[in-house]
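There are 2 protein chains.
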Amino acid sequence: MKARFEALKERFAEIADLQAASAVLQWDQETYMPPGGGASRADALATLQKAAHERLVADETSRLLDEAETWARDRGPDSFEAGFLRAARRDQSRAKKLPGELVAELAKAASVALEAWREARTRSDFSLFAPHLDKIVGLLRRKAEALAVGERLYDSLLDEYEPDMRTSQVESAFRSLREGLVPIVKQIVSRQDRVSNAVLCGACGEKSQFKLCQEVVRCLGYDFDRGRQDLSAHAFTQPFSTDDVRITTRIKKDFLPASLYASIHECGHALYAQGIDKAFNRAPLNDGASLGVHESQSRLWENVVGRSRVFCAWLLPLLQKRFPKRFSGLGGEEFYRAVNKAGPSLIRVEADEVTYNLHVLLRFELEADMIEGRLKVCDAPQAWNAKMADYLGITPPDHAQGILQDIHWAAGLVGYFPTYTLGNILSVQFYEKARRDIPGLEGGIAQGDFAPLRNWLGKNIHRHGRKYTPNELLERILGGGLDSRPFLDYLRAKYSEIYGFNRRVSGILTS
Amino acid sequence: MKARFEALKERFAEIADLQAASAVLQWDQETYMPPGGGASRADALATLQKAAHERLVADETSRLLDEAETWARDRGPDSFEAGFLRAARRDQSRAKKLPGELVAELAKAASVALEAWREARTRSDFSLFAPHLDKIVGLLRRKAEALAVGERLYDSLLDEYEPDMRTSQVESAFRSLREGLVPIVKQIVSRQDRVSNAVLCGACGEKSQFKLCQEVVRCLGYDFDRGRQDLSAHAFTQPFSTDDVRITTRIKKDFLPASLYASIHECGHALYAQGIDKAFNRAPLNDGASLGVHESQSRLWENVVGRSRVFCAWLLPLLQKRFPKRFSGLGGEEFYRAVNKAGPSLIRVEADEVTYNLHVLLRFELEADMIEGRLKVCDAPQAWNAKMADYLGITPPDHAQGILQDIHWAAGLVGYFPTYTLGNILSVQFYEKARRDIPGLEGGIAQGDFAPLRNWLGKNIHRHGRKYTPNELLERILGGGLDSRPFLDYLRAKYSEIYGFNRRVSGILTS
Chain A
17 MKARFEALKE RFAEIADLQA ASAVLQWDQE TYMPPGGGAS RADALATLQK
67 AAHERLVADE TSRLLDEAET WARDRGPDSF EAGFLRAARR DQSRAKKLPG
117 ELVAELAKAA SVALEAWREA RTRSDFSLFA PHLDKIVGLL RRKAEALAVG
167 ERLYDSLLDE YEPDMRTSQV ESAFRSLREG LVPIVKQIVS RQDRVSNAVL
217 CGACGEKSQF KLCQEVVRCL GYDFDRGRQD LSAHAFTQPF STDDVRITTR
267 IKKDFLPASL YASIHECGHA LYAQGIDKAF NRAPLNDGAS LGVHESQSRL
317 WENVVGRSRV FCAWLLPLLQ KRFPKRFSGL GGEEFYRAVN KAGPSLIRVE
367 ADEVTYNLHV LLRFELEADM IEGRLKVCDA PQAWNAKMAD YLGITPPDHA
417 QGILQDIHWA AGLVGYFPTY TLGNILSVQF YEKARRDIPG LEGGIAQGDF
467 APLRNWLGKN IHRHGRKYTP NELLERILGG GLDSRPFLDY LRAKYSEIYG
517 FNRRVSGILT S
Chain B
17 MKARFEALKE RFAEIADLQA ASAVLQWDQE TYMPPGGGAS RADALATLQK
67 AAHERLVADE TSRLLDEAET WARDRGPDSF EAGFLRAARR DQSRAKKLPG
117 ELVAELAKAA SVALEAWREA RTRSDFSLFA PHLDKIVGLL RRKAEALAVG
167 ERLYDSLLDE YEPDMRTSQV ESAFRSLREG LVPIVKQIVS RQDRVSNAVL
217 CGACGEKSQF KLCQEVVRCL GYDFDRGRQD LSAHAFTQPF STDDVRITTR
267 IKKDFLPASL YASIHECGHA LYAQGIDKAF NRAPLNDGAS LGVHESQSRL
317 WENVVGRSRV FCAWLLPLLQ KRFPKRFSGL GGEEFYRAVN KAGPSLIRVE
367 ADEVTYNLHV LLRFELEADM IEGRLKVCDA PQAWNAKMAD YLGITPPDHA
417 QGILQDIHWA AGLVGYFPTY TLGNILSVQF YEKARRDIPG LEGGIAQGDF
467 APLRNWLGKN IHRHGRKYTP NELLERILGG GLDSRPFLDY LRAKYSEIYG
517 FNRRVSGILT S
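Going down the list, the sequences are from chains A and B.
Add 16 to a position in the first sequence, counting from 1, and you land on the number used in my numbering.
Add 16 to a position in the second sequence, counting from 1, and you land on the number used in my numbering.
If you're looking for bench data, these hints aren't it; they were derived computationally from the structure.
Among the clues, some could well be false.
One copy or any two copies: either way a pair holds, since identical chains are not told apart in the list.
[As the list claims (entries may be wrong)] The calculated DMTMM-like cross-link candidates involving lysine to aspartate or glutamate, where the alpha carbons are at most 25 Å apart (straight line), are:
1. 227 x 366
2. 227 x 46
3. 25 x 70
4. 66 x 76
5. 112 x 76
6. 66 x 26
7. 357 x 422
8. 294 x 131
Note that the coordinates shown come from a computational prediction; the quantities given were computed from them, not determined experimentally.
With the hints as extra help, turn the sequences into a complete structure.
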């Protein structure tokens with residue numbers, strides 16, 4: 017039977033190879049590809065995707081899965097083999113449920129919609145995008161029906177990014193989050209003059225910024241022998257295997273924190289990808305447990321660690337060394353407050369760690385309503401603006417800075433947004449547990465000793481890759497599941513101190 | 017029937033996509049891949065190659081080829097369809113003749129041999145490499161037998177790189193070449209003190225060198241919107257499509273001509289690849305007619321143009337602008353003589369345009385003798401040194417600088433070397449024809465006007481890609497075939513003037 021499993025492994029290894037090749041082509045597209053290369057790149061990517069899909073849904077693959085099933089499960093629930101089989105089954109089952117013509121139609125609709133969206137955003141004219149979004153929502157409803165996961169249409173889409181998570185769980189977690197967040201934001205809004213980040217604004221040489229970013233991620237533990245950092249329009253992490261995990265950043269000449277915190281964020285993703293058990297290479301287990309768990313790693317390093325007082329104490333001297341003229345007079349406390357300036361803003365990707373989640377909530381509510389038929393596409397802009405006013409107290413001056421700002425819906429990515437906030441919630445749950453497990457954690461961070469935290473994450477999360485479901489992983493680490501209270505407590509404690517308000521906002525006592 | 021042809025086209029388009037993906041992965045491997053990425057990259061490349069091979073030899077492909085054959089041929093000998101069918105047939109026929117296990121065994125043997133070769137070269141110990149070369153020669157003999165092209169074993173291997181060229185033709189061309197070259201080399205050797213390139217030696221900043229290279233290839237017509245230049249250990253050109261053709265160069269800090277002429281060489285390849293008819297993208301026609309024809313383009317720009325008096329007149333001011341301290345006192349004639357310094361040397365890739373071909377001749381003779389059983393692998397080092405003494409009058413001090421210097425044999429590339437010299441021969445045949453066709457060609461070059469030559473090459477060679485066989489292409493352009501006399505005449509005229517000897521060396525009158 018081991019031989020059958022080896023044959024199954026080889027089959028999925030080829031699928032993984034084709035996916036790795038796609039990843040290289042995508043990375044190149046975002047970093048070094050010349051303008052003329054786009055058309056042939058799209059062709060090559062489509063063919064690679066098709067070749068991988070064909071292998072995944074082939075009868076031979078089903079036969080090998082059936083033959084290896086019992087033997088693999090008998091290796092035990094913590095075994096590579098059992099985890100492999102579960103993940104391989106899940107991938108194949110989802111792929112087989114989707115009719116080929118629906119997949120092709122969605123890809124084509126998204127390709128057209130992306131063009132329309134760019135045009136619509138440039139002109140700030142939602143009507144140019146509306147028919148395309150309408151088409152995509154319709155196709156995604158068909159996709160959700162075909163997948164038939166859970167009881168609600170949105171469940172099927174959410175499950176793609178967050179396995180076994182249900183819409184009702186997200187609603188419940190986000191409801192408590194919203195109730196906790198809105199009062200905190202109100203306190204911050206009423207004290208906007210208490211915190212300034214003016215000291216961080218101003219020209220910093222791009223090469224020096226890039227060198228600083230590389231120095232910082234190297235200190236955090238990113239392994240440049242098994243990866244590299246480049247520039248791209250939007251920062252991202254792209255793993256080809258555990259031994260080649262690329263990160264990028266973007267540089268804003270006049271605002272150093274942009275490149276710096278984007279680098280720390282991607283480094284968090286990359287430590288996960290570099291930390292997966294090498295034995296999982298070329299297997300469906302070489303991935304994160306879910307997008308939410310992945311985001312928990314990037315957010316943990318970017319915000320929970322990266323914007324903490326102890327981290328700032330370590331970071332400031334590095335800045336002062338690279339940019340002595342700009343930062344030599346800056347004090348530690350001033351720096352800490354500046355990187356934590358919060359407040360309502362229009363653009364999600366520029367939002368602080370408090371308001372960010374309200375941007376996500378709004379998107380989740382709108383997209384679930386559209387998919388499940390409670391909101392018409394033509395009514396979405398009004399709904400967007402109403403929620404912006406309700407949650408953040410601001411109204412976008414135009415749709416480009418409102419409903420047209422994100423690429424996700426045009427690309428057919430619905431069910432994806434909630435994972436950002438699930439990651440934020442989990443980041444604090446994980447960090448609190450690590451702090452309990454590691455004596456002197458924060459004293460070490462202040463000295464630049466990140467190994468204890470990185471090793472804790474490696475041992476508890478990274479090395480397991482996709483071997484456990486997100487729920488199994490949370491249960492193993494936390495003895496429980498998703499809980500938004502620690503995240504809210506963290507925000508209340510941190511921002512009540514920075515902005516000088518009472519923790520007991522809106523009548524909820526912190527723990 | 018057009019529909020059948022379209023189905024055939026789509027099938028080969030997928031094969032081309034998989035090959036393009038391989039090309040991206042190889043380019044990345046040589047430019048940006050971190051050290052850790054090697055193992056998974058090898059896996060991904062093997063899977064891509066396998067997927068392309070499966071599609072190529074599939075029964076469905078044969079059926080489509082059969083069905084489209086008559087219709088395609090009826091489009092006429094100059095048609096896209098007829099050329100497509102011929103190229104596709106040739107690719108499939110060669111692929112089907114090779115047993116899968118032989119291909120796999122060769123790939124494995126080469127992989128092991130490459131490791132052994134590196135070690136052997138480092139230690140300058142041929143005995144470490146000999147058993148691997150013996151194995152590879154044995155497998156290549158089996159490959160040649162399976163392909164069964166021509167009357168001699170070497171024919172099958174040569175045909176892979178130079179379609180329809182036979183060993184006897186190469187022997188005949190190389191015989192006249194040797195007879196012409198050896199006396200020229202002797203004249204040059206006896207006048208070594210007449211030419212010095214000392215003025216070109218000395219530190220030049222690497223960034224400035226790279227900028228100069230980019231400036232020069234841009235002037236020659238390389239389109240940076242459809243390509244880019246990077247650094248790598250060995251310079252190469254890698255096309256992904258006609259609209260994304262990458263080139264690299266290597267920089268020697270103390271010898272500017274290294275990066276500069278490598279860039280011009282690769283630019284020659286790249287102008288070919290960028291100049292192929294865009295309609296040939298994703299078809300088997302999107303390639304050069306042969307390696308020899310490809311090399312003719314790189315050598316034409318590197319040597320025939322790039323080391324000409326008129327080109328040097330245009331180039332020197334660019335050098336003086338970038339490196340005023342080093343080159344401001346250099347005169348045009350001194351510069352021309354310096355870039356044309358010739359003489360026997362040990363290493364092929366560093367050889368001048370005269371002696372280079374003797375390096376190639378030697379390799380061709382040895383590899384043909386080994387494949388056809390006239391030379392044992394264990395006797396090859398002695399044969400190498402004897403020929404070096406015979407042709408160039410020097411003896412390698414060790415095997416690292418002798419028989420172990422090139423990667424080709426370890427990689428299983430036999431039949432490849434002759435194409436370098438075929439390219440040199442053709443470069444002069446093409447250039448002479450272009451000079452007859454283009455009035456004032458060289459006056460234009462002296463002014464930096466490369467468009468007339470580039471357009472001539474584009475119209476006569478580049479745009480046709482692989483639509484014609486090499487013989488058809490030569491017949492169309494030259495009204496004849498390969499002829500080494502113009503190349504010898506070119507060398508005699510040029511070097512007799514530079515080194516001050518009589519053109520009538522060894523009794524052969526120049527034309």
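The hints, checked one at a time:
In the homo-oligomer, the alpha carbons of residue 227 and residue 366 lie at most 25 Å apart inside one protomer (23 Å), although the nearest pairing across protomers, at 36 Å, exceeds that limit. With identical chains, the CA atoms of residue 227 and residue 46 are at most 25 Å apart both within one copy (20 Å) and between copies (23 Å). For the homomeric pair residue 25 and residue 70, the shortest alpha-carbon distances inside one copy (16 Å) and between copies (20 Å) are both at most 25 Å. Within a single copy, residue 66 and residue 76 get their C-alpha atoms as close as 17 Å, and across copies as close as 17 Å, so both meet the 25 Å cut-off.
Proximity of residue 112 and residue 76 under a CA criterion of 25 Å is satisfied in both settings, with 13 Å inside one chain copy and 24 Å between copies. When the C-alpha separation of residue 66 and residue 26 is checked against a cutoff of 25 Å, the pair qualifies both within a copy, at 18 Å, and between copies, at 13 Å. In this homomeric assembly, residue 357 and residue 422 come within 25 Å of each other (Cα to Cα) only inside a single copy, at 23 Å, whereas the closest approach across copies is 61 Å. Only between protomers do residue 294 and residue 131 lie at most 25 Å apart by alpha-carbon distance; the minimum there is 23 Å, versus 39 Å within a single protomer.
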